[in-house]
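Asker: In case you want the letters, here they are:
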Amino acid sequence: MFSIIQSMWLTFLHMFHKRETIQYPEEKIKLPARWRGRIVLTRDPDGGERCVGCYLCAAACPVDCISLQATEDEYGRRYPEFFRINFSRCIFCGYCEEACPTYAIQLIPDFEMCEYNRQNLVYEKADLLVNGQGKYPGYNYYKVAGLAIKGKGKGQGENEEQPVDVKSLIP
Amino acid sequence: MATLYIDNQPYEVTSGNNLLETCLTLGFDLPYFCWHPAMGSVGACRQCAIKVYKDENDKKGKLVMSCMEPVTNNQRISITDAEAKEFREEIIGWLMTNHPHDCAVCDEGGSCHLQDMTVMTGHSYRKFRYKKRTHINQNLGPFINHEMNRCIQCYRCVRFYNDYAGGKDFDVFASRNNVYFGRHEDGVLENEFSGNLSEVCPTGVFTDKTLKQHYTRKWDLTMAPSVCQHCSLGCNTIAGERYGSLRMIANRYHGEVNGYFICDRGRFGYEFVNAPDRVRQPVLNGKTVGRDEIMEEIKKRLKESKVIGIGSPRASIQSNFALKALVGKNNFYHGVSENEHDMAELAIQILKEGPARTPSLKEVESADAIFIMGEDLTNSSPMLALAVRQAVRVKPMKEVIQANIPDWHDYAAREFVQEKKGPLYSATIHGTKLDDIAAQTHYAAPDEIARLGFAVAHRIDSSVPDVENYPDELKKLADTIAEGLKKAERPVVISGLSSESESVMKAAANVAWALNKSNKNTGLVLTMLECNSLGLAMMGGGKLDGAFNAILHSHADTAIIMENDLYRHGSTATVDKFLKMCRQIIVLDHTPNPTMSKAHVIIPAGTFAESDGTLVNNEGRAQRFFQVYEATDVIQESWRWLLNMGVNAGNERMSHWKNFEDITKAISDEEPMLKGVETITPPATYRVAGQRIPREPHRYSGRTAMNAHLNVSEPKPPEDPDSSLSYTMEGYRGLAPSSMIPYFWSPGWNSVQSVNKYQQEVAGHLRGGDPGLRLIEANKNTEPNYFMSVPEFFQPIAGHFWVVWTHHIYGSDELSNKSASVSQRVPKPYVMINPKDAEELKLTEGQLLSFEVLKDVYELPVRINNTIPAGLAAMPYALEGMPATGLPEWGIIKSVDRK
Ligand code: SF4
Ligand code: SF4
Ligand code: SF4
Ligand code: SF4
Ligand code: FES
Chain A
76 MFSIIQSMWL TFLHMFHKRE TIQYPEEKIK LPARWRGRIV LTRDPDGGER
126 CVGCYLCAAA CPVDCISLQA TEDEYGRRYP EFFRINFSRC IFCGYCEEAC
176 PTYAIQLIPD FEMCEYNRQN LVYEKADLLV NGQGKYPGYN YYKVAGLAIK
226 GKGKGQGENE EQPVDVKSLI P
Chain B
57 MATLYIDNQP YEVTSGNNLL ETCLTLGFDL PYFCWHPAMG SVGACRQCAI
107 KVYKDENDKK GKLVMSCMEP VTNNQRISIT DAEAKEFREE IIGWLMTNHP
157 HDCAVCDEGG SCHLQDMTVM TGHSYRKFRY KKRTHINQNL GPFINHEMNR
207 CIQCYRCVRF YNDYAGGKDF DVFASRNNVY FGRHEDGVLE NEFSGNLSEV
257 CPTGVFTDKT LKQHYTRKWD LTMAPSVCQH CSLGCNTIAG ERYGSLRMIA
307 NRYHGEVNGY FICDRGRFGY EFVNAPDRVR QPVLNGKTVG RDEIMEEIKK
357 RLKESKVIGI GSPRASIQSN FALKALVGKN NFYHGVSENE HDMAELAIQI
407 LKEGPARTPS LKEVESADAI FIMGEDLTNS SPMLALAVRQ AVRVKPMKEV
457 IQANIPDWHD YAAREFVQEK KGPLYSATIH GTKLDDIAAQ THYAAPDEIA
507 RLGFAVAHRI DSSVPDVENY PDELKKLADT IAEGLKKAER PVVISGLSSE
557 SESVMKAAAN VAWALNKSNK NTGLVLTMLE CNSLGLAMMG GGKLDGAFNA
607 ILHSHADTAI IMENDLYRHG STATVDKFLK MCRQIIVLDH TPNPTMSKAH
657 VIIPAGTFAE SDGTLVNNEG RAQRFFQVYE ATDVIQESWR WLLNMGVNAG
707 NERMSHWKNF EDITKAISDE EPMLKGVETI TPPATYRVAG QRIPREPHRY
757 SGRTAMNAHL NVSEPKPPED PDSSLSYTME GYRGLAPSSM IPYFWSPGWN
807 SVQSVNKYQQ EVAGHLRGGD PGLRLIEANK NTEPNYFMSV PEFFQPIAGH
857 FWVVWTHHIY GSDELSNKSA SVSQRVPKPY VMINPKDAEE LKLTEGQLLS
907 FEVLKDVYEL PVRINNTIPA GLAAMPYALE GMPATGLPEW GIIKSVDRK
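If you're matching them up, the sequences are chains A and B in order. Just add 75 to the spot in the first sequence (first one is 1) and you have the numbering used here. Just add 56 to the spot in the second sequence (first one is 1) and you have the numbering used here.
Just so you know, these hints were derived from the structure itself, not from any lab. Please note that the accuracy of each hint is not assured.
[What the hints assert, rightly or not] Covered stretches of chain A (in silico footprint by chain B; criterion: 3 or more residues with CB under 8 Å from a CB of chain B, positions within the stretch not fixed):
no.	stretch
1	94-106
2	162-176
3	186-196
Note that the structure is a prediction, hence the values are computed from the model and not measured. Just so it is clear, CB atoms sit at the ideal spot from N, CA and C, and this is done for glycine as well.
The whole structure should be built from the sequences, with the hints applied where relevant.
Answerer: Printed below as a string of structure tokens:
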């Protein structure tokens with residue numbers, strides 16, 4: 076008897092607490108920047124595609140919902156030929172983002188992606204690629220990698236010496 | 057045997073080996089770079105450091121390189137010692153001071169020995185704060201990609217390429233931390249084994265350029281054990297698929313056959329599987345039709361016609377057998393030329409009834425004297441050439457051992473040996489790439505090679521007839537060869553089909569048999585033309601001419617031609633006539649060819665990657681290859697098509713065969729020479745702890761996305777009715793039976809170096825025994841039944857050439873030719889003649905010579921070669937537009953064009 080009254084009293088007190096419910100969708104929720112929602116592919120500061128098609132996100136994904144094919148342009152820059160995420164499988168764990176060595180793949184604070192038709196949850200590269208750097212501004216993988224690409228020859232990366240002249244006799 | 061204490065635990069080990077391989081054999085994880093199981097130690101990388109203690113009271117010990125120290129009895133070592141561990145961690149840090157930040161864009165990633173060793177040593181943070189040295193890469197041709205920045209200076213590449221494979225266009229340049237591994241200038245890597253650099257190099261400096269075109273990580277491949285289809289040696293391979301196309305071929309270690317390496321034809325020839333012009337749908341009179349329609353049509357056609365079947369030396373025994381069962385024993389013909397057919401039968405007779413055993417490739421490597429007769433091995437059977445290259449070291453290595461230098465101490469051994477070589481005698485039509493290691497070379501017409509063989513055999517056993525009127529210099533040569541072979545402990549005679557001369561093969565048999573009388577270790581290797589030539593020959597069946605006659609004489613009106621381009625096995629005129637006379641031509645094949653273009657019905661057969669099958673290599677070893685992936689479209693194995701046809705046609709016997717195993721069992725029961733083939737792999741019902749062996753690594757990615765663009769609901773993965781491999785990543789993760797290892801992997805060992813974990817001892821047999829079953833064993837104690845007819849001496853005829861074959865590693869094989877990378881290496885047709893003949897005809901290099909041979913006129917640019925004897929002309933075997941059958945034959949010189 077006493078405990079019933081106590082419960083009713085506590086419930087009654089809740090009427091004077093701050094409201095947690097918001098009037099979604101009229102009122103939008105404010106999410107922290109690191110909230111793990113819809114996945115995007117970002118670009119580096121020069122506007123180039125960040126993703127180099129390394130397959131690490133795909134390997135890290137516990138539900139195997141990322142698939143891609145790496146290819147390269149005529150100057151040797153790698154990028155994904157196609158990049159597909161099946162969001163009907165994605166559990167938004169963020170492992171792909173953790174695995175990505177180039178900061179290309181990022182989870183963003185957006186969860187508004189419901190569909191009536193499950194097939195529409197299959198996102199291709201065109202749906203994923205955004206025109207920005209996302210959470211990690213400034214990073215440009217190709218500047219620190221040893222691979223030469225258009226506009227960056229051997230020895231022109233950060234922290235690199237000029238290429239060795241193998242025919243030189245100087246010790 | 058010796059007792060070795062590793063971290064105070066005693067182990068019984070073989071003495072004399074080095075500590076590194078001993079530890080690896082025992083299953084310890086010890087990092088290394090420069091040591092290679094097939095190439096020994098040089099102590100260059102310092103990565104394999106361990107502690108060695110004087111005795112049990114020695115607590116301090118000293119650091120040594122385990123690859124450079126032999127095991128001694130009661131030795132005490134430590135792998136886990138803190139100082140040793142720290143040393144190893146520091147070393148890898150130093151090796152990587154210049155290593156680029158490349159893993160994400162590096163094709164080695166995920167199967168990188170450097171990554172594995174970095175994790176194993178625990179090195180995780182870069183301490184080196186200075187700039188990285190960089191290098192300019194080279195374009196090394198269609199096979200190998202070069203990314204020099206990733207080099208850690210282990211020297212494995214140059215040791216493999218130059219020391220092991222005899223390459224001459226590769227080296228190390230510059231000094232100290234600038235050292236550079238590559239060619240003196242950009243250009244195609246010429247060595248036929250260059251592809252192995254991608255596996256030998258522990259980093260991503262050398263990688264497979266064909267894989268790069270459709271790059272896939274190792275963990276994302278669906279892989280299956282396969283067998284190379286591009287020559288008769290049957291090297292074991294791993295084939296990997298992704299998104300429905302074949303992505304790469306890698307070596308599959310086999311302790312008796314190919315060991316750690318394969319040739320470039322085998323590694324890069326696979327691209328024909330992905331060729332855009334592959335046959336993917338059934339075709340009826342030029343129109344693409346569906347599966348049901350074609351089956352209905354064939355049923356009707358088979359019912360109302362008299363059918364013959366033409367098999368193929370490049371199809372599995374299952375496919376050939378299914379065809380034989382469908383058309384009946386008497387209507388089954390081997391799709392090979394008369395000469396090929398007879399020589400394959402002769403080879404079987406020699407190997408089976410004669411006393412000399414045919415050795416495996418591994419055994420050839422340990423031969424201490426070799427006599428090659430009529431074979432340009434580098435071009436016809438490449439891995440055999442590589443084995444011969446190792447064999448010439450056997451004799452000098454005996455002195456190395458006597459000098460108390462262990463054989464694995466590679467640098468010391470090579471310094472000791474210098475240029476000394478064991479006896480290799482080579483009698484070929486013209487110069488070959490093995491000449492640089494040969495003690496004696498002799499260039500002659502096939503019959504002259506045979507005569508030399510008779511002369512040698514006679515000098516070993518006088519019951520072989522001698523060659524009459526033999527010139528003195530050749531007598532001397534025969535004496536030398538006979539002496540050299542007689543002195544050897546394990547002599548090997550190598551001959552084969554590529555010169556298509558029976559007398560050469562017979563002479564080779566005579567030499568081997570004569571030797572065998574006094575030395576039971578004598579080996580005789582006979583190479584064949586195609587991957588299953590021997591398997592086909594072991595299966596009864598008529599000759600191709602019989603098939604032609606059956607149609608020409610109207611005993612039959614319909615021909616089923618399976619995986620065979622008849623133009624490679626019969627002359628153009630006869631095949632044309634035959635195909636014209638056939639009322640109906642039904643072709644089962646995967647790749648378009650001239651025969652197919654004349655077919656009324658085309659059935660899309662699976663390539664090796666889409667099929668299960670068994671091949672018999674030149675050693676008589678039956679080896680199974682597994683389907684890598686289920687074919688899309690209506691493609692299926694030839695044998696399955698034929699089974700379906702048989703069942704449709706009401707063939708009682710065939711209706712009992714449901715899958716691969718049933719057919720294989722029937723082969724074993726019905727073909728006496730192929731008895732036992734069903735035992736080479738565990739049955740399809742085989743499970744380990746209730747599980748199949750997965751074709752996919754456990755990190756396989758993208759399952760729920762790869763087909764999602766077609767349909768978001770994933771299809772059920774296919775089930776394999778023919779083997780106990782699964783098409784998924786689920787299954788048993790431990791060691792698979794040796795005959796069905798889909799890929800090499802072990803915890804902490806993602807690269808191919810993990811093969812250590814699959815061997816009984818490092819570089820030894822696979823655990824559970826090397827796969828395959830030798831179907832031919834020599835009749836050890838029989839008296840040799842020598843071939844007695846010595847061929848006539850070769851006499852050139854004025855105005856004529858005796859036209860012979862010359863084989864090309866790239867170009868002479870039908871399927872690898874269609875590979876995009878290999879096709880870039882195929883030479884243009886030419887004819888090779890002697891300078892004397894050229895002078896007589898007033899021809900210079902590249903001018904056109906027109907001659908008639910086999911009723912066809914050829915006009916070809918000449919290549920002048922000092923080694924080919926006068927009066928001979930060599931044509932490249934089976935290049936586009938070149939014949940593939942009928943030679944050697946006389947050709948008549950028509951005209952010369954000196955433009
Ligand atoms: S991990 Fe990053 S760079 Fe690699 S494939 Fe995924 S998105 Fe691209
Ligand atoms: S060689 Fe290995 S460690 Fe070096 S970049 Fe390539 S994958 Fe990474
Ligand atoms: S290129 Fe590769 S094999 Fe050659 S030294 Fe460098 S790391 Fe070693
Ligand atoms: S030697 Fe022959 S079987 Fe071996 S890989 Fe080369 S082509 Fe294939
Ligand atoms: S493996 Fe022993 S020093 Fe390189």
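Asker: Does the structure break any of the earlier hints, and which numbers would those be?
Answerer: 1
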